[in-house]
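Which chain is which? The protein sequence lines are A and B, in order.
Position one of the first sequence corresponds to residue 30 (our numbering), numbered consecutively onward.
Position one of the second sequence corresponds to residue 286 (our numbering), numbered consecutively onward.
Since the hints were made in silico from the structure, they are not lab data.
All residues carry an ideal CB built from backbone N, CA and C; glycine is no exception.
Check each hint, because a few of them may be wrong.
[To be verified] Over the 12 Å line for every Cβ pair with chain B, so calculated as not near, a few chain A residues:
no. : residue
1   : GLY45
2   : ILE74
3   : ILE78
4   : HIS79
5   : LYS96
6   : VAL106
7   : ARG116
8   : ALA124
9   : ASP126
10  : SER136
11  : SER148
12  : TRP156
13  : LEU173
[Said to hold, decoys possible] The calculated lysine to aspartate or glutamate pairs, modelled on DMTMM-like cross-linking and capped at a C-alpha distance of 25 Å, are:
no. : chain 1 : residue 1 : chain 2 : residue 2
14  : B       : LYS388    : A       : GLU158
15  : B       : LYS388    : A       : GLU103
16  : B       : LYS295    : A       : ASP171
17  : B       : LYS388    : A       : ASP105
18  : A       : LYS81     : B       : GLU387
19  : B       : LYS345    : B       : ASP355
20  : B       : LYS292    : A       : GLU103
21  : A       : LYS81     : B       : GLU358
22  : B       : LYS386    : A       : GLU129
23  : B       : LYS386    : A       : GLU167
24  : A       : LYS81     : B       : GLU361
25  : B       : LYS345    : B       : GLU328
26  : B       : LYS388    : A       : GLU129
27  : B       : LYS295    : A       : GLU103
28  : B       : LYS292    : A       : GLU56
29  : B       : LYS295    : A       : ASP105
30  : A       : LYS81     : B       : GLU328
31  : A       : LYS96     : B       : GLU328
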Amino acid sequence: MLELQPKSLCIFLLDGEYYALSAQVVEGIHFCGNITYIPGCPPYILGVIHLKGRIEAVLDLRILLGKPHRDPRERDVLIMISQNQIRAGLLIDGAEDIIEVDHKNISKVPSRLNISVQSIASGIYSWKEQTVVMLSSEILMDKLQETAL
Amino acid sequence: MTIIVFKYRKGKMGIRADAVDRCIPDGTCKELRVFDINTIVGEVPVGHVKSLLICLKDRKIALRIDELLDIAEVEEHQFFMLPPLVRQHMNRVLESRVIYKEKEQVMLLVDPNRIPAR
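Generate coordinates for the entire structure from the input sequences, incorporating the hints supplied.
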């Protein structure tokens, strides 16, 4: 089932695959710099950074999508999202584009995707002959809150 | 506030100086119960290069650290709260606030009151 569709998408690259989040929840895109590791946190919390006067959590999107972890690099990119009063930075390889959504380009999430991706994906978007997995920031944040319990 | 800064993994960690009695070389005091910094934050113990004991004031407890880096003065505006997502998960021996100084890495703080007495 497709959830309420976003009006615009922020498309980004991770491990050679295209993903997208609703541009409405994206607060900014930054180089991540030096991440401070926090003992005791689950593996998907890589640590924290200082960004524009705040301390922000840096999350490993690879782990959340069921991919193998790789150590962050200083030139990695952080996509800051805010949803339901939770803010976090997702580590990605690079931001690609922000586009207006053409709803005829959206299709359902295929079952061939791995379970972790399926559980966060809200649809598939066709963009420049590429397949973009649309991620639901709402589901993502709900998952993070669940694991905090 | 004065902070005793020590090496932790690839970064730095600190502890309030007002909770510290003195810093002594490791192995020079048998009367203290020693807790390794890695163990109290829930990590696997690793060998230290320049091991030192931070003796806590009014408690027969010491914290074994890897290397003393600095004794730093920190202003109130350099303290920041960790985000809720991190506070929910992190080890409770750490303070929920951290120190950030311009162009430096965020520094975690050990809460001296949460270092176990036994």
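Exercise. Going by Cβ atoms, does ILE78(A) stay more than 12 Å from chain B at every point?
Worked result: The claim is violated: ILE78(A) sits with its nearest Cβ about 7 Å from chain B, within 12 Å.
Exercise. Taken at face value, is the distance from the CA of GLU103(A) to the CA of LYS295(B) at most 25 Å?
Worked result: holds (14 Å)
Exercise. Is the nearest Cβ of chain B still more than 12 Å from the Cβ of VAL106(A)?
Worked result: holds (19 Å)
Exercise. Taking C-beta pairs only, is HIS79(A) more than 12 Å away from all of chain B?
Worked result: violated (4 Å)
Exercise. If you draw a straight line from the CA of LYS81(A) to the CA of GLU361(B), is it 25 Å or shorter?
Worked result: It holds: about 17 Å lies between the C-alpha atoms, which stays within 25 Å.
Exercise. Are all beta-carbon distances from SER136(A) to chain B longer than 12 Å?
Worked result: holds (32 Å)
Problem set entry | Pair hint outcome, LYS292(B) versus GLU103(A) [Cα-Cα no greater than 25 Å] | The given pair, whose Cα atoms are some 20 Å apart, holds under the 25 Å limit.
For this session: Please work out if LYS81(A) and GLU328(B) have their alpha carbons no farther apart than 25 Å.
Result: Violated. LYS81(A) to GLU328(B) sits at ~30 Å, over the 25 Å cutoff.
For this session: Beyond 12 Å from every chain B Cβ: check whether that's true for GLY45(A).
Result: Nearest chain B Cβ is 28 Å from GLY45(A), so the label holds.
For this session: Would you mind confirming whether the straight-line C-alpha gap from LYS81(A) to GLU387(B) stays at or under 25 Å?
Result: Roughly 11 Å separates the two Cα atoms, so the pair holds.
Problem set entry | 25 Å Cα cutoff - pair LYS96(A), GLU328(B) | Satisfied, since the Cα-Cα distance of roughly 24 Å is no more than 25 Å.
Exercise. Does LEU173(A) really sit off the interface, with its C-beta more than 12 Å from all C-beta atoms of chain B?
Worked result: violated (6 Å)
This entry does not satisfy hints 2, 3, 4, 7, 13, 14, 16, 22, 23, 26, 28 and 30, going by the numbered hints stated previously.
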